[in-house]
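Peer 1: The primary structure of each chain is shown beneath.
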Amino acid sequence: MDVILLQLLNGLDKGGAYALIALGLTLIFGTLGVVNFAHGALFMLGAFCAVSLSAFMGLEKVTIDETQMTAWGTPLEVRTPYIVDWFGSAGEFMLDFSVPLSILLAIPVMLLVGLIMERGLIKHFYKRAHADQILVTFGLAIVLQELVKAQFGANPLPQPAPETLSGAADIGMALGFDPHTVVYPYWRLVYFAFAAVVIAAVFAFLQFTTFGMVVRAGMADRETVGLLGIDIDRRFTIVFGIAAVVAGLAGVMYTPILPPDYHMGMDFLVLSFVVVVVGGMGSLGGAVLAGFLLGILQSFASMNEIKSILPGIDQIIIYLVAIVILLLRPRGLLGRKGVMET
Amino acid sequence: MSTFSINRRGLLKGSAALGAGIAAPTIFPSYAWAASYTNEPTGSSVTLGFNVPQTGAYADEGADELRAYQLAVKHLNGEGDGGMLSTFSSKVLKGNGILGKKVEYVTGDTQTKSDAARASAKRMIQKDGAIMITGGSSSGVAIAVQGLCQEEGVIFMAGLTHSNDTTGKDCRANGFRHFFNTEMSGAALAPVLKNAYGTDRIAYHLTADYTWGWSQEGSIKKYTEQLGWQTAAAVRTPLGAGDFSQYLTPVLNSGADVLVLNHYGKDMVNSLTQAVQFGMRDKQVNGKDFAIVVPLYSRLMAQGAGENVKGIFGSTNWHWSLQDEGSKAFVKSFGQEYGFPPSQAAHTTYCQAILYADAVERAGSFRPSAVGAALEDFEFDGLGNGPTLYRGFDHQCFKDVLVVKGKENPTSKFDVLEVVEVTPRAQVEYGTDLLGCNKGPFNDGA
Amino acid sequence: MGILEVQNVNKRFGGLKALHEVNLTVEEGTVHAIIGPNGAGKSTLLNCFVGRLKPDTGSVVFNGTSLLGLKPHEINQAGVSRVFQTPEIFGNLSCFENVMIPAFARRDGSFTLNAVSRLSGERSIQEKAMHMLEDLNMGDKAGVQADQLSRGDKRRLELAMCLVQEPKLLLLDEPTAGMSRGDTNTTVELLRTIASRGITMVVIEHDMHVVFSLAQKITVLAQGTPIAEGLPQDIKGDPRVQEAYLGGAHL
Amino acid sequence: MTTSTKTDTLLLWVFALATLFGPIILAPFGAGYPDLLQKFAIFGIFAIGFNLLFGLTGYLSFGHAAFLGVGSYTAVWSFKLLSMNPIPAIILATLLGGLFALVIGFITLRRAGIYFSILTLAFAQMSYNLAYSVLTPITNGETGLQLDQADPRLLDTAFGIEYGAALPVSSLFGLDMNQTWTWDFMGWEIQLNAGFYVCAVVLILCFWIAMRIFRSPFGMMLKAVKSNQNRMNYTGLNTRPYTLAAFVISGCYAGLAGGLMAVTDPLAGAERMQWTASGEVVLMTILGGTGTLLGPVLGAGAIKYMEQIFSAFNKPELLDFFSFLPTAIAEPLVSVLALFVGEGWHLTLGVMFMLIVIFLPGGLMEGFNRILGLFNRRRGAAGKHPAKTPAAAE
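Protein chains in written order, with the numbering used here: chain Y, 1 to 342; chain V, 1 to 446; chain S, 1 to 251; chain G, 1 to 394.
The set of hints was computed from the structure by calculation and includes no laboratory data.
Only a predicted model underlies this, so the values are computations on that prediction, with no experimental measurement involved.
Note that the Cβ used here is the ideal one computed from N, Cα and C, for glycine as well.
With the C-beta cut set under 8 Å, the calculated list includes, among others, these residues of chain G facing chain Y:
#	residue
1	Ala122
2	Thr290
3	Leu347
4	Gly350
5	Val351
6	Val357
7	Pro361
Please take these sequences and the hints and turn them into a complete structure.
Peer 2: This is the structure:
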């Protein structure tokens, strides 16, 4: 029972990440009709916002101690972060909370990245074939990740969660389990809550603001909305920015779970496409539903009990589910008719 | 070659069949047939091929390997401070290149994919005339390139490859490995684990689901079960899983009190980071402190796991903090060139380049069979791992193995591991029948 | 016994009754028009003929075989061709190829792996297609890419594609929709020529001028039910028909 | 009509000669060595086959690498169990590639558009994941399937062919596939390799078949599928068997390419089936020019060339190259350029994709046609040769 509960938590946590990435991807599909292969790269850029901030805050005052030598024969360098030097314990607190603080950096940066990407590149590809969109955004993804690699190297860079959130919570106790049976890392709980909040915010934004209403109308019938004299293109540009921010935030908050490296975007790319397609192209609710569904199924498929009956099932479960769902429901779980079918 | 005559006949027939457009081989100048082995160096220089991962997950290790090779080339050509040449027990290298020929090199990107690695190795052999191929950062690639070098008739000096198979069931006469393997890791780690954790332990293995992972799991199981440990479960995880939470949570209540992570590279960084997040380093099970073991450590990768490596045991081929003369000379030489200490990948590849050059010098020829014979059963010292034997039977180096632990109070970002035990060579040696190597004859190619 | 016999066809979409007890007989060699106000169920009925929709109850029998449950390509192979409201053509192929494709479909059936023969060696098909284009005054446009054509020419091309199959029954869904007066007149002339060759046609049309200059028989649909059927002159004066068309505007 | 047949014959001849003289033509570009030439031919075949599906029907498969992988595994097994002769290996690889495509195509072609793409991707990733792990007894997992001294090779044994103590080499009735004749030609070392010529002959054959398909009624039907499936159905044509046939033919091409990879280099690794490998052939086709005959071969060549040649440059070589410049200029120039070569060759690839698709949507073929058009226009303007009127009817 405790094992099931833990796997459910794992699934929700994974699902949160899948849903966040897929949400932006499907938003871009639904509004702009663009297949964005650079979406994984946006996730990766978000993660590197966190890396940059902690690197920036971690800038160190270097004093060279000539009396001591390193093993490789250079004088020993004594390093203290400027921020600690200046602000004392407040500085230490900021260093500790660099990942959550990175959200503040990631929002403007990712918005800007999104706007530049859309205005500079994507908008020229609205009317082009999907194959062209794939090629150009894939090229962009490679360029972005190679630039990050040139700057930060290829190895993962650890981004610890804040000290107070780095342990694990004994949540089983509250639910009547024995102590120490259902423990779960604080940060993963934070991540799940964060994913839920962001998803809710995006839905609320589209549901309850006039801006969102116009965007939804535009998703349903772009031409008609255009005929009403509403500048739908500019709104779609902003939608692209929002999608970039959502992907970026997913990346920022994921860094304590998965030490970021330049290639992490590609690792998530295929998966996020599968999630979007299973959910139904252009369906926001579908993306969220499919994200959680696949996350949970993946978790359960990895259990020893199941693997011993079906070896290797955990490696293919996502794809297997995608195949079954697409054959049973041609347009995905909540897909609308006519989207991306030609 | 019992089929030589058939070959010759068929060959003429075949080439005639290729038809117009290609001249028949008879018009070729005869010197094309005179080369007695692949890429025999005829000029004043000799070309080595450095095949390292430049893209993909191991790009940083590949970059470090390349740095070490460039340093070795400098030293071989008599530039720089000579590094380990001065501490190496064999003194035939004079700093005038190899056999008086200046050492030049070409590079290739393995991408940590067998196909890409073979393609770039072929380019270096077929186009650039490389006489020897070396490098790599995974066993799949090492075995693939080793097989290629056997076919092409050049020597392969393996880089970072830890699977038993490289010098076990997939060994080749033209291939040589300086790095240690999972069998040695198991043999070296077991006594240390016994001292630290006792003999009454239950281990839970998470294993990367491919050849190296299985090999590592098998070795650790074998040696820990000899200690009296039990194995609760051994679970296979997909390569590049990213999030390992679904494999980690079953560990919590399995009754196991040791978690063995048979992962390498990014998988190791991720699974270790996440295991620590699940509180596994501070946990108590069966009245004992829960322990995590990472059988194969890489310092470059351990940096990616940050603070999570603290207090966690593993094994490694070499570490820059070693205090023997060879290691000190190498660290100094490398550090002054690049400003930071070398990794074990850099060390093993540097050694391989030096060992190759030395063998050529001693053999007096670049001919692969002659060089190979010079390397076989070669005893040497002064390259950082103590007295070492290049065993002739399977072309595996036997030397001391380091058991390391994540350092509690690192003084710099390079200082993440501390050496807790140098397991002497005698303890990690194994018989020739254990891994079943059948390497076949040398191939000189052409 | 007509070439197309429709009996007691019913079709519902959820709560909406789209077709109700439709009975219809199309005689061989005639032009039969189906008219009715918007939403009367004309297109739904047509879709039931070609296999796009399946009636809930009732039967559609063509030339002695039931069309129910057949796929569109099977119905076409049985001899029914269809012209769409907006021309459905192969936009990025030349007009010549557009006409060759149906010619092949008629000769080789719904699938042949004809990968070894050369298009340029298919003399009889080429002649047939070229002949068809010339017949419809499009000989000079043979090499033009189809989506470069004017709307009228697209319609004409689509007709050529249907006619080259020598269909036993030709279905036309508003063949003059969105056309200028001039284009409409030319199209009507064209259709009359085709009709005069004895090809059976079912026409759905809004334009009464077109209907009365073409049809030998007219069925009027209103709210999914046939309310009148007969010769054009009978229909013209039928008060029920005038009633159905927006409260009796004079036709 | 006859002109088009003539043009085709000419194109075929030019293509065949260019392929056969490849080792000489490409030597000055540093690409005239056997392995790269073999890769050009093999990936050329792969891309031609992919284009038969994608270029003609518009179905974008993201799983074609799976068929390539199946072909490779089949060929290596054929070497192990039957004979080192490449002919049974190639035939079996083609058949199994096609068979695998038939099964996957039968399921995936029920959907179109991006749904089809993701379905094929899912199948290919499943194949890759399984080949890497649980199917190791068949695929030898990470290490890849290799030849062994102790393999049975039943046919070879039956014909009394033995291979001595060394590992056997695939050989066409005695002509070893790794046999290379070198020849000094105007200062360049020309390498004529038996394995390459086997690939080249197969490539020319494949090109010819593709050309015949393009010009056949079947090819026209496939173009019609891309153009308007609705009209296809109402014209009495069943689209499913057409798309399935295209999918299977293109799977055969992929299997054949995989088989040839094993013939020239008898090792089959699982990463050949990874989605990135499927993506690569998509990129080759689009880069060269989707739906053109020659484009995919050019695209395959361009990407393989970059992979080998750009990745081989390193900083010291660049510094050497620019040593004629003063260091103040050379240093920064080299550090910028170094981003694009050696370990940064992926960056060049990414930039190239973007530039091509932005400025040359029709791929390299469009580029050539534009240059050709420019040339023709200039000649036309000079009044010597009036611009040719486009041929009517075909």
